[in-house]
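**Q** Kindly generate the complete structure, drawing on both the sequences and the hints.
Line order of the protein sequences matches chains C and U.
So the first sequence is numbered by the numbering used here: it starts at 1 and just counts up by one.
So the second sequence is numbered by the numbering used here: it starts at 334 and just counts up by one.
Treat the hints as calculated values from the structure; they're not laboratory data.
Quick reminder that beta carbons are idealized off the backbone N, C-alpha and C, glycines included.
Errors might be hidden in some of the hints.
Said to hold, decoys possible - Pair ranges (Cβ atoms, derived):
1) U:Ala378 - C:Asp323: 28 to 34 Å
2) U:Ala388 - C:Ala55: 34 to 40 Å
3) U:Gly659 - C:His183: 55 to 61 Å
4) U:Arg506 - C:Thr42: 45 to 51 Å
5) U:Glu478 - C:Ala54: 26 to 32 Å
6) C:His34 - U:His367: 40 to 46 Å
7) U:Gln587 - C:Pro271: 34 to 40 Å
8) C:Leu43 - U:Gly437: 26 to 32 Å
9) C:Gly326 - U:Gly659: 36 to 42 Å
10) U:Glu565 - C:Ala54: 50 to 56 Å
11) U:His516 - C:His34: 44 to 50 Å
12) U:Ala362 - C:Arg230: 51 to 57 Å
13) C:Ser32 - U:Arg366: 49 to 55 Å
If you want the building blocks of each chain, they are given just below.
There are 2 protein chains.
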Amino acid sequence: MCAESVRPRFDILGIGNAIVDVVAPVHEAFLSRHGMRKGAMTLIAAADADRIYAAMPPGQETSGGSAANTCAVAAHLGARAAYLGKVADDQLGRVFRHDISSVGVHHPTRPLAGGAPTARCLILVTPDGQRTMNTFLGACINFDEEDIDIAVVSDAAVTYLEGYLFDPPAAQRAFRKAAAAAHSAGRRVALSLSDPFCVDRHRAAFRDLVAADVDILFANEAEVCSLYERNEFEAAVSHARQDVTLACLTRSEQGSLVVSGADIIEVPPVPTEVIDTTGAGDAYAAGFLTGLTAGRTLAQCGQLGSIAAAEVISHYGARPQRDLRGETLALGS
Amino acid sequence: MCAESVRPRFDILGIGNAIVDVVAPVHEAFLSRHGMRKGAMTLIAAADADRIYAAMPPGQETSGGSAANTCAVAAHLGARAAYLGKVADDQLGRVFRHDISSVGVHHPTRPLAGGAPTARCLILVTPDGQRTMNTFLGACINFDEEDIDIAVVSDAAVTYLEGYLFDPPAAQRAFRKAAAAAHSAGRRVALSLSDPFCVDRHRAAFRDLVAADVDILFANEAEVCSLYERNEFEAAVSHARQDVTLACLTRSEQGSLVVSGADIIEVPPVPTEVIDTTGAGDAYAAGFLTGLTAGRTLAQCGQLGSIAAAEVISHYGARPQRDLRGETLALGS
Chain C
1 MCAESVRPRF DILGIGNAIV DVVAPVHEAF LSRHGMRKGA MTLIAAADAD
51 RIYAAMPPGQ ETSGGSAANT CAVAAHLGAR AAYLGKVADD QLGRVFRHDI
101 SSVGVHHPTR PLAGGAPTAR CLILVTPDGQ RTMNTFLGAC INFDEEDIDI
151 AVVSDAAVTY LEGYLFDPPA AQRAFRKAAA AAHSAGRRVA LSLSDPFCVD
201 RHRAAFRDLV AADVDILFAN EAEVCSLYER NEFEAAVSHA RQDVTLACLT
251 RSEQGSLVVS GADIIEVPPV PTEVIDTTGA GDAYAAGFLT GLTAGRTLAQ
301 CGQLGSIAAA EVISHYGARP QRDLRGETLA LGS
Chain U
334 MCAESVRPRF DILGIGNAIV DVVAPVHEAF LSRHGMRKGA MTLIAAADAD
384 RIYAAMPPGQ ETSGGSAANT CAVAAHLGAR AAYLGKVADD QLGRVFRHDI
434 SSVGVHHPTR PLAGGAPTAR CLILVTPDGQ RTMNTFLGAC INFDEEDIDI
484 AVVSDAAVTY LEGYLFDPPA AQRAFRKAAA AAHSAGRRVA LSLSDPFCVD
534 RHRAAFRDLV AADVDILFAN EAEVCSLYER NEFEAAVSHA RQDVTLACLT
584 RSEQGSLVVS GADIIEVPPV PTEVIDTTGA GDAYAAGFLT GLTAGRTLAQ
634 CGQLGSIAAA EVISHYGARP QRDLRGETLA LGS
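**A** Encoded structure:
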């Protein structure tokens with residue numbers, strides 16, 4: 001009997017950095033005063049985190065982490081999701097575990113005891129809705145192969161890897177282990193490139209992984225151009241088409257392209273007021289994969305991605321503030 | 334030289350329970366399933382906090398605490414504020430201290446080391462915008478006379494006491510000490526009744542304090558009726574008029590009454606969409622006291638209270654999401 005003939009327990013398994021977001025609105029001047037690269041994710045040490053936090057206005061704490069956001073949004077859309085990512089055994093770690101579990105996402109990773117604290121991302125939102133992220137990785141540094149739960153990977157239709165997890169040193173081996181386990185169970189592997197600077201930091205490893213192990217690639221224009229070191233989006237698209245079965249390429253207010261072999265499907269965005277773009281890409285991936293694992297057409301998958309992205313950019317924070325199950329059902333089947 | 338002839342360092346000194354709010358939207362059924370009294374603040378033990386939290390949807394963590402909210406809103410309105418209230422030396426305590434300090438509120442209270450964790454309030458917001466609060470007092474239990482910083486009290490135009498602080502056992506003595514210090518420095522003492530059930534729990538102590546030590550009373554209809562055990566609002570108003578110099582009595586969507594001797598000023602509300610009423614009374618007090626300490630008329634003070642309350646009920650969370658200094662200036666002088 002082929003493994004795919006049994007419906008797996010999970011539609012989506014996310015693997016990534018388990019992070020609590022601290023979100024605050026700032027003016028552009030704050031970014032320049034602190035030498036921050038607008039729109040990017042920068043890794044910071046504990047001392048920098050303290051310094052930036054001390055300078056920040058009052059924040060709102062919510063659970064974050066790119067792949068964790070994707071899993072939470074997917075659960076809100078009705079998908080059955082699981083998540084692997086490491087928090088510490090501390091107050092913010094308990095907040096993270098509560099938030100992801102309470103939307104029904106299975107989260108078996110054991111918290112780190114007696115080491116670094118739970119990771120935090122200081123997210124500064126400028127009046128144009130753009131977010132600039134400063135991540136202190138904390139307990140995520142300790143995520144390694146041991147944390148890859150083979151039983152869960154084998155029982156998930158899609159294992160979704162977050163590019164940011166290339167930053168902690170042991171996680172690349174964990175990625176390889178997860179991808180191998182997924183494929184040997186007849187499942188699919190998806191990867192999000194996360195950030196063009198993250199791609200810069202780990203380009204060779206990303207290229208290897210994409211070519212060898214990735215079936216579904218999520219990226220925005222800057223990320224896919226950085227991956228293939230191309231200046232033109234079209235050239236990068238051609239390259240991606242050869243590497244992966246499906247490439248979902250987001251283009252902000254221009255919507256997205258779904259590239260499948262020789263086919264290119266243009267997906268329009270869902271118009272909304274932009275308050276905070278944090279998590280837009282994560283939500284898009286959630287919508288797309290929820291549709292895909294429910295057997296929808298690629299155009300419907302893209303549409304569900306656009307709907308989910310529009311919901312999370314219409315308020316502060318990267319997770320939905322309302323149930324989205326109706327949106328999935330409204331697509332028909 | 335009379336103490337009042339020197340402008341004090343602070344306009345408002347708040348004293349209260351230092352709490353981090355965990356806010357989540359729920360349906361009415363959640364409240365009945367957990368036997369909660371809608372709209373009230375209930376004190377809960379650590380085990381109840383764990384049980385309710387486990388059942389709650391994902392939350393948003395923001396700093397709260399009634400008097401702390403008042404100080405934060407007052408700072409947003411341009412007042413010079415200080416705050417006394419006890420957190421633990423833990424992650425949520427650091428969040429609380431960051432948030433209140435970063436809006437410019439002086440917070441000299443030393444965190445509790447090695448005892449209970451920072452207090453949390455699990456706030457469930459129903460679709461009508463009403464909030465039902467479950468407070469685990471944690472480190473607040475340890476707030477006592479030692480924490481009353483006489484130098485700060487003497488240097489604040491108004492010392493504002495939060496009624497909820499009657500719940501921790503040692504805090505009543507702290508209130509008396511603060512009131513005595515304020516009056517001997519020629520300053521004024523304000524009290525918020527906080528909650529009709531809190532008044533029920535401590536009616537005799539509240540009545541004594543109001544009659545002996547309070548110059549400015551903040552209460553809503555249910556609270557002032559509970560204090561004086563009157564069924565008719567008018568009867569309670571007459572009683573309050575004899576006890577205090579100024580009584581500011583809020584009436585939800587009907588606005589507020591400012592009672593000063595024989596004068597009664599009716600203050601209209603500022604219409605807004607109601608998302609979450611958490612902190613409405615705290616914000617009203619902030620607006621009123623900011624106006625009062627800036628020498629505005631009582632009608633202007635009430636108007637500033639209405640403006641501040643409208644801002645905080647228009648979004649989740651009890652603290653402003655925008656700077657309100659312009660509102661104070663717009664009143665003229």
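**Q** For each hint, tell me whether it holds in the structure or not.
**A** Evaluation of the provided hints:
no. : hint                            : result
1   : U:Ala378 - C:Asp323: 28 to 34 Å : 31 Å, holds
2   : U:Ala388 - C:Ala55: 34 to 40 Å  : 37 Å, holds
3   : U:Gly659 - C:His183: 55 to 61 Å : 59 Å, holds
4   : U:Arg506 - C:Thr42: 45 to 51 Å  : 49 Å, holds
5   : U:Glu478 - C:Ala54: 26 to 32 Å  : 31 Å, holds
6   : C:His34 - U:His367: 40 to 46 Å  : 44 Å, holds
7   : U:Gln587 - C:Pro271: 34 to 40 Å : 38 Å, holds
8   : C:Leu43 - U:Gly437: 26 to 32 Å  : 30 Å, holds
9   : C:Gly326 - U:Gly659: 36 to 42 Å : 40 Å, holds
10  : U:Glu565 - C:Ala54: 50 to 56 Å  : 52 Å, holds
11  : U:His516 - C:His34: 44 to 50 Å  : 45 Å, holds
12  : U:Ala362 - C:Arg230: 51 to 57 Å : 54 Å, holds
13  : C:Ser32 - U:Arg366: 49 to 55 Å  : 50 Å, holds
The earlier numbered hints are all upheld by this structure, with none contradicted.
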